[in-house]
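A.B. asks: Given next are the chains, with one letter for each unit.
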Amino acid sequence: MNKQYRPYTLIAELTHRCPLHCAYCSNPINLLKYRDEIDTNTWLRVFREAEALGVVQVNLTGGEPLLRNDLERLIEEAHKLGFYTNLITSGIPLTKQRLIHLRDAGLSSVQVSFQSLNDAVAQRICKRPALHQKLIVAEWVKAVDLPLTVNIVLHRENLHEIAEIITMAERLKADRLELANVQYLGWALRNRNALLPTKEQVDEARLVAREAKKRLAGTMEVLFVIPDYYAEFPKTCMGGWGQKFILVAPNGLVSPCHLAHTISGMHLPSVQNYSLEEIWFESSGFNQFRGEAWMPEECRTCERRHVDFGGCRCQAFHLTGDAGKTDPVCSLSPDHHLIELARNQTKNTTGIPNNFEYRSGHGS
Amino acid sequence: MLFPERGILLNAVAGEIIKRCDGRSTVTTIVDQLMQTYDDQSRQIIETETLNLLQVFYARGLIRIES
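Read top to bottom, the protein sequences are chains C and G. Oh and the first sequence: position 38 is 38 in my numbering, straight run, nothing missing. Oh and the second sequence: position 29 is 29 in my numbering, straight run, nothing missing.
There are no misleading hints in this set.
If we take Cβ atoms under 10 Å as the criterion, some of the chain G residues that face chain C in the derived model are:
1) Leu-2
2) Phe-3
3) Glu-5
4) Gly-7
5) Ala-59
6) Arg-60
7) Gly-61
Derived lysine to aspartate or glutamate pairs resembling DMTMM-like cross-links, with alpha carbons at most 20 Å apart:
8) C:Lys-80 to G:Glu-5
9) C:Lys-142 to G:Glu-66
10) C:Lys-235 to G:Glu-5
11) C:Lys-173 to G:Glu-5
12) C:Lys-244 to G:Glu-5
13) C:Lys-173 to G:Glu-66
14) C:Lys-142 to G:Glu-5
15) C:Lys-213 to G:Glu-5
Hints were generated in silico from the structure; no laboratory data involved. Yeah, the Cβ is synthetic: ideal placement off N, Cα and C, and Gly gets one too.
Pulled out of the complex, with its shape left as it was, chain G reads as follows:
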């Protein structure tokens, strides 16, 4: 993931989350989709992990929240 003068190498899971941030999907939709990919994990774990990652990216200005 590239942004002015730097970049972050995303691991596979982070990549799956970030590529779904398309300006339309809600967090619930994203978690629903990840549930299908990582069907061995509980919804709670996926939801927590997703929110943690989104928070880090939001704090750095790398994603925006559309209400």
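For reference, chain C alone in the conformation it holds in the complex:
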């Protein structure tokens, strides 16, 4: 057992049900497997156990967390435990009255995610009209005096909107703007050919974001997350495997990240059978990629191993079939040609409309 690790953030995936069907959803592909949902009392226990482990922040996410009728009760408990509580939502379905109740229960901040500022593009991504409601919800968040994060997931079909999105976020008086490119896992990997932008698109958007970041310093924090397919080195995924984050899926499965449970052979226990403390410190799943012993040669001898820990384990698994390999995104990975191939494809497919495979299986 290794007590050196402490989770700071609990990611509570309260449900995988969602009114939207985004083609890049970060929920697992086999949604049906996670259809069962743990009950209110189990979540309350999870929160208390998380607090005892050292957690100080909780992200209430999904699916769409607003679909849980016990959200108020969960926020109340999170607040009582002293957590900073973020609601990560599509804004659908929400009323101003309910938002006020959530605030009064102790909610700390709200993130509203957008697909596009062009209603047709937005509907093409999430398969229902949602833009109008999202704008209203974002205004309510500020009106009831909660900090607002505007999040937009960027890809080939909306990267050119970036300047317009920044203007909208300013108009909404957002406190924080997340310009987050798609990371190609889960449903996004299925739809990679239709979503992955060209290098030129990314470079152009990055410049616009950089200018906004400078100009808006002090009024709005601007974050630009590049698609890791265009980075030289992998991202520090989740701050390292089992080092800072603990995620509980709707069915009670506990995992170091959103998709670790999609790695075959990964043993991740459920809160229905074990305490969070036992899972965090003792489960084989959480320990599997801690430290350096698991690393392949090229990571073990690399000075960046303390920076990115070899990158994303799920990406390594879903692209190479082996979760213990270097993230292929890394320019030093022997599998890097897989990434180059995908990048090169964008040069030939730009301008050709692609069909999406939509998130489905549950919750419409």
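Starting from the known structure of chain C, fit chain G onto it as the hints suggest.
C.D. replies: Chain G alone, transformed into the frame defined by chain C:
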């Protein structure tokens, strides 16, 4: 100090400064108070250090300036 999706672990001095940002105290008031806590430092050093820290936090949107 916690904010959406992240947090910063403040050292003792930063904590002393940030906890005084209550929407009412002026920078001068804060420096006056810190002078009493850190009486072995000159006013100039405390003032510079305080302004540096406030600037970093302001740029990240973690504090606001009320005029």
